[in-house]
Structures are given as structure tokens and as C-alpha cells.
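Asks: Fit chain B with the ligands to the given chain A structure using the hints.
Listed here are the chains, written in short residue letters.
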Amino acid sequence: MLRVVEIDHLTIQYPDVKAIDDVSFTVNRGDFLGIIGPNGAGKSTLFAAMLGLNTKYKGTIKFFGTDTRKSKNYLKEIGYVPQKPIFEKNFPATVNDVVKMGLQKESDVSKIDEILQLLWIHELSERRIGDLSGGQQQRVFIAKALVNNPKILILDEPVTGIDQQSIDLFYSILKELNSKKNITIIWSSHDLDAVNKLANHVACLNRTLFFHGESNDFFSNDDLVKQYSEASMQEHMHHH
Amino acid sequence: MTFEIFTFSFMHRAIISGIAIAILCSVVGLFLVLRRYSLFGDAIAHSSFGGIALGLMAGLYPLWTAYGVSIVSALIMTRIKDRFNISGDASIAVLLSSGIAVGLVIIGLSGGFTLDIFSFLFGSILLVSVNDTILILSLTGIILIVILLLYRQLLYSTFNEEQAKVSGVPVEKINYLIVFMAGITVVTSIQLVGVLLISALFVIPNVTAIMYGKGFKQTAIISMSFSIFSVVSGILISYIFDITPAGTIVLFAIGIFACTMAIKSAGLLSRNN
Ligand SMILES: Nc1ncnc2c1ncn2[C@@H]1O[C@H](COP(=O)(O)OP(=O)(O)OP(=O)(O)O)[C@@H](O)[C@H]1O
Ligand SMILES: [Mg+2]
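First to last, the sequence lines map onto chains A and B.
For the first sequence, position 237 (counting from the first letter as 1) is numbered 233 according to the working numbering, and the numbering increases by one without interruption.
Start counting at 1 in the second sequence, then tack on 1082, and there's your number in the working numbering.
Any given hint could turn out to be false.
Cβ-to-Cβ under 7 angstroms is the rule here; a few derived chain A residues that face chain B [said to hold, decoys possible]:
id	residue
1	47
2	66
3	67
4	71
5	76
6	90
7	93
8	97
Straight-line Cα separation of at most 30 angstroms, DSS-like style, residue types lysine-lysine; simulated pairs [claimed, not checked]:
id	chain 1	residue 1	chain 2	residue 2
9	B	1255	A	101
10	B	1163	A	14
11	A	80	A	54
12	B	1163	A	147
13	A	171	A	101
14	A	80	B	1163
15	A	176	B	1247
16	B	1247	A	85
17	B	1247	A	68
18	A	80	A	193
19	A	66	B	1299
20	A	72	B	1255
21	B	1255	A	147
22	A	14	B	1299
23	B	1346	B	1299
24	A	107	B	1346
25	A	171	A	107
26	B	1299	A	72
27	A	68	A	147
28	A	85	B	1255
29	A	107	A	14
30	A	193	A	176
31	A	54	A	14
32	B	1299	A	52
33	A	193	A	101
34	A	52	A	80
35	A	107	B	1255
36	B	1296	B	1247
37	A	52	A	14
38	B	1255	B	1346
Hint data in this document are derived by calculation from the structure and do not stem from the laboratory.
The beta-carbon is built from N, C-alpha and C at its ideal position, and this holds for glycine as well.
Next comes chain A alone, as it looks inside the complex (with noise of 0.2 angstroms):
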């Protein structure tokens, strides 16, 4: 089994907070990796040291192999879909030109149709993005980050605020990419249910990482998950 992904004691500190504390784990090839943690977990963090966005970190990060201190070539295999896409609300770009902006090469254009297709927003292609509802404008951001064929699609929590059929559609496309196109998927969320549903492999991130392993070992270990709820309800009243 090929390991694309290896993180190895990795230590995120913010001036107030460690985000992420000696957190090591490894994602291989074909995996459909479910991060959960309650708000304020580090997933975030997390994902913007692997993406290359925060480079102030102890420990490595490798992609491929290589260190991603090293090169940044990696991110060329990369799918990004950030958990809350900032633009102006008024930016006068259409789903076309969204898409579009995501293709390395201007030649294939003619995959942006494809793409379109396959996420069920050809008929959006000349709409403002800003005038799309949340999940059309998600779908619109995986087809983004899917246009150059990346090997690893990193989606942060992105179902938030977006109606049940469209969630449906949003899973049954991504268990599509994994099963169909081998992509591996690494994917964080709230949504246990889902990630039981989707994932095969289970990270709980809580400032460490207290499981990583298959998801089934996850779910059939009711102490595991009633840990992981109690963890999450303390952060939640903690927040309120």
C-alpha cells in the first residue's frame, strides 16, 4: 500500500493556544479518511499546515514522500475544498470562470464541462457564484478542486448550513470519487452518522489525535465513540 500522506509529531502552537499537540498518522492510497473533532479540535489548523498555509510547525509533513518544507509540487495532486469559501458577494465571476480559475493547464478546458456534469451544475455555468444557494456554490468548489484531476481531495467540514438532499447528493458524489476514480479523500467533519456511512478510515482530533484506525474498529467500540461524544459535549457547552 502506497502512503501519500505522513504526518510524524506534527506541533501547531498559536501565541494562546497549541492547536495541535504530537499528532502523527499516515493516509494511504485509495483511503477515504473521516477526521472528526468538536469545534476548535485543530481540523482546520490541521489541514492549512498540510496545505502549505501555516508553515509554522514542529514536526514533518510529507506528501508522496517528500517533505512539504521541501517542495511545493505536491499541491498540484491536491483538491481543496476550504471549509468556508471568503469571496465578495458581488464578485462578477460565473461558475465558468470559478471553475476555471482551478486549471493549471488553459488546454482542457473541455474538462470543465465534464466536471460540470458529473456535480450536476452544468445548467449554473453562466450564473454568478454569488448568486448561487450554499450547496450549489459547494458543488461548485469540489468542482474546483477537481478539475486538474487531483490524487488527494482534502474537503474541510464542508456541509455546513446546507439542506439534507443536498448532502446526500454531496456524499453519493464523493463516495463516487473514492470508489470510481481512486482519490483518495481526506475529509473532516461533525457528522458521525456520515462519517460512518462514507469513511473507512477514523481520525478524533481533539488537540491530539485520541483514535486513528479504521472506522469499523471505531464504530463497534462503544466506549470509543461515547469517549468521543462526551469530549464533544464538554467543548460544546464550553462554548456556550
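Replies: Only chain B with the ligands this time, still in chain A's reference frame:
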């Protein structure tokens, strides 16, 4: 009379340079407006005042020192802004006032106002020489080529810096490039509308065009058309009535903006109310 004015070659030069500047300001301005950097043009224009004063004092051609000082100070300000996390509007205020302050002090030291302050403030498009026209056309050509070549990177980093970075776009370099192009554009355009009205050309055609709800390229083309129309009509009308072109040009731009809003409120432009 309307036909007669075309026979004057200064009018040809004014119209040709005016069209080039209109295109340049609208394209570069679109990136600035979308980056919430609308007043950046204003700040650069004010800092060019320092540059012009410096040129006059040192006995150099003021336009060259204006290019140098404006571009360098804009790049330095951008660096400071990123390094110390200063907000965009505050950094604009700092740049704007320091340019004027430096200019005033230099003028004071060199014994009073020697420069033609009126044409600097309000432009002097009817006075552009053949050399000026050639310079304006060349700079416009170069900047347009750069924008076409780096179109995706410019658009992407304007849309969302973080995502652009993850896609491997050298966002920081692109940001400096935009500042650099804005510096050249502003100093070049001072001849058309002067320091005080420069941001009108950067901003008004673009906010107008954005209201039409189109994609990026179409928005840029709409903006350019409005900009060219305002500049050409402004120059012609102001000549006929013997008033300053700058004010007339900007009023045309504002007129189109007002019409667009009227059309939009009447519901003729659909979708995003
Ligand atoms: N840029 C930052 N500067 C300082 N502290 C930060 C920064 N970003 C996040 N933090 C802190 O780091 C911790 C982890 O935040 P992070 O955003 O990674 O959590 P998360 O798991 O993504 O949460 P959520 O589920 O709400 O998205 C939090 O305590 C947060 O306050
Ligand atoms: Mg997060």
C-alpha cells in the same frame, strides 16, 4: 464646430491617449475594486505629488521621478501592510498623506510653488505631446499584455488568496505586480484627469459594470466601453464648452452609473436585485 475639432492634431493626441488611459484604468481598477482597494489609486496619485516636487527640486523630468516615487512608495507600503497586518484603508491613508507631506516640505525647501499645480490637480490632456502619447500607448500595451498572460493568476488571487495559494499561484508576487501596475497606471493617467479625480476612472466604470451581473471578461469589457465612452465624450464636450475635461469625463462616468442604477431599480436587470 464638432467636425472642426478633429482637424487639430492635439485633439487627435488627446483622444488617442484618452482611450488608452481609459482602457488601462478600467482594467487595472477592476482588480483594485474587487480587492477592496478602491482608493489605492488615490493614494498613489497623492504620493506622486511628492515625486513631482522631488523632480522639480532635483532638476529632473518630474514625470520620471513621479513614476519612481509613487511605485516605490506603493510597494513599500504594501510590504509594511502585510508585515504588520495593517488594514487596507489605513495603509491607503498613510500613503496618501505622506506623499502630500513630502511634496509640501520639498516645495517649501526649494522656495515656493514652481510647478503648474493646476494641471497636476486637474489634468491637462489637451497638452499631451507626441512623446507623451507614444509613452502612454506603449505602457498601455505592455500592461495589457502582462494582464493577458497572467490572467488566471491575477483573477484567482483576487477572488480568494488562500485558495489561489493552495493551487500554487505565487500570490505575494501577484499582489506586488498589481501594485506596480497600479503605480504606472496612475502616474500615466494624471495627465488625463489629474490627481484629484484619478480614482473616479479606477472605480466608477467598474462598479457600474459589476451591476450588470455578468462574468469576469464581460464585466471587464463593459467597464472598458463605459470608460472609453466617458473619456471621449468628456474631452469633446469640454472642448466645445471650454471647460476642464477632467470634471466632464467624470460626470459622464457618473451619468452612466446613475442610468445603470435606474435601469436596475426598474427591474430590467434581473437576478441579484
Ligand atoms: N489564526 C489563528 N490564530 C490563533 N488561534 C487560532 C487561529 N486559528 C485557530 N486558532 C485556534 O486554534 C484552535 C483550533 O482551531 P481550528 O479552527 O483549527 O478548529 P476546527 O477543528 O477547525 O474547528 P471548527 O470545527 O469550528 O471548524 C482553536 O482554539 C482556535 O481558537
Ligand atoms: Mg474548522
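Asks: Would you check whether residue 90 of chain A satisfies its interface hint, that is, whether its CB is within less than 7 angstroms of any CB in chain B?
Replies: holds, 4 angstroms
Asks: Answer holds if the nearest beta-carbon of chain B is closer than 7 angstroms to that of residue 67 of chain A; otherwise answer violated.
Replies: Residue 67 of chain A check fails; min Cβ-Cβ to chain B is 11 angstroms, beyond 7 angstroms.
Asks: Below or equal to 30 angstroms on CA atoms is what counts here, so check residue 1255 of chain B against residue 1346 of chain B.
Replies: Roughly 38 angstroms between the alpha carbons, so the hint for residue 1255 of chain B and residue 1346 of chain B is violated.
Asks: Are residue 193 of chain A and residue 101 of chain A close enough, with their CA atoms no more than 30 angstroms apart?
Replies: violated, 35 angstroms
Asks: Is it true that the CA of residue 1296 of chain B sits at most 30 angstroms from the CA of residue 1247 of chain B?
Replies: OK: residue 1296 of chain B and residue 1247 of chain B at ~26 angstroms, within 30 angstroms.
Asks: Decide if the proposed pair is consistent with the structure: residue 171 of chain A and residue 107 of chain A, CA atoms, cutoff 30 angstroms inclusive.
Replies: Status holds; Cα separation ~20 angstroms.
Asks: For the pair supplied as a hint, residue 52 of chain A and residue 14 of chain A, confirm whether the alpha-carbon distance does not exceed 30 angstroms.
Replies: It holds: about 12 angstroms lies between the C-alpha atoms, which stays within 30 angstroms.
Asks: With a cut-off of 30 angstroms on the C-alpha distance, tell me whether residue 80 of chain A and residue 193 of chain A pass.
Replies: holds, 24 angstroms
Asks: Under the criterion of a CB-CB separation shorter than 7 angstroms, is residue 76 of chain A in contact with chain B as hinted?
Replies: Cβ of residue 76 of chain A sits 5 angstroms from chain B, so the hint holds.
Asks: For residue 107 of chain A and residue 14 of chain A, compute the direct alpha-carbon distance and say whether it is at most 30 angstroms.
Replies: violated, 42 angstroms
Asks: Assess, step by step, whether the Cα of residue 107 of chain A is no farther than 30 angstroms from the Cα of residue 1255 of chain B, and give holds or violated.
Replies: holds, 28 angstroms
Asks: Going straight from one Cα to the other, do residue 72 of chain A and residue 1255 of chain B come out at no more than 30 angstroms?
Replies: The given pair, whose Cα atoms are some 19 angstroms apart, holds under the 30 angstroms limit.
Checked against the numbered hints above, the structure violates hints 2, 3, 12, 19, 22, 24, 29, 32, 33, 38; every other hint is satisfied.
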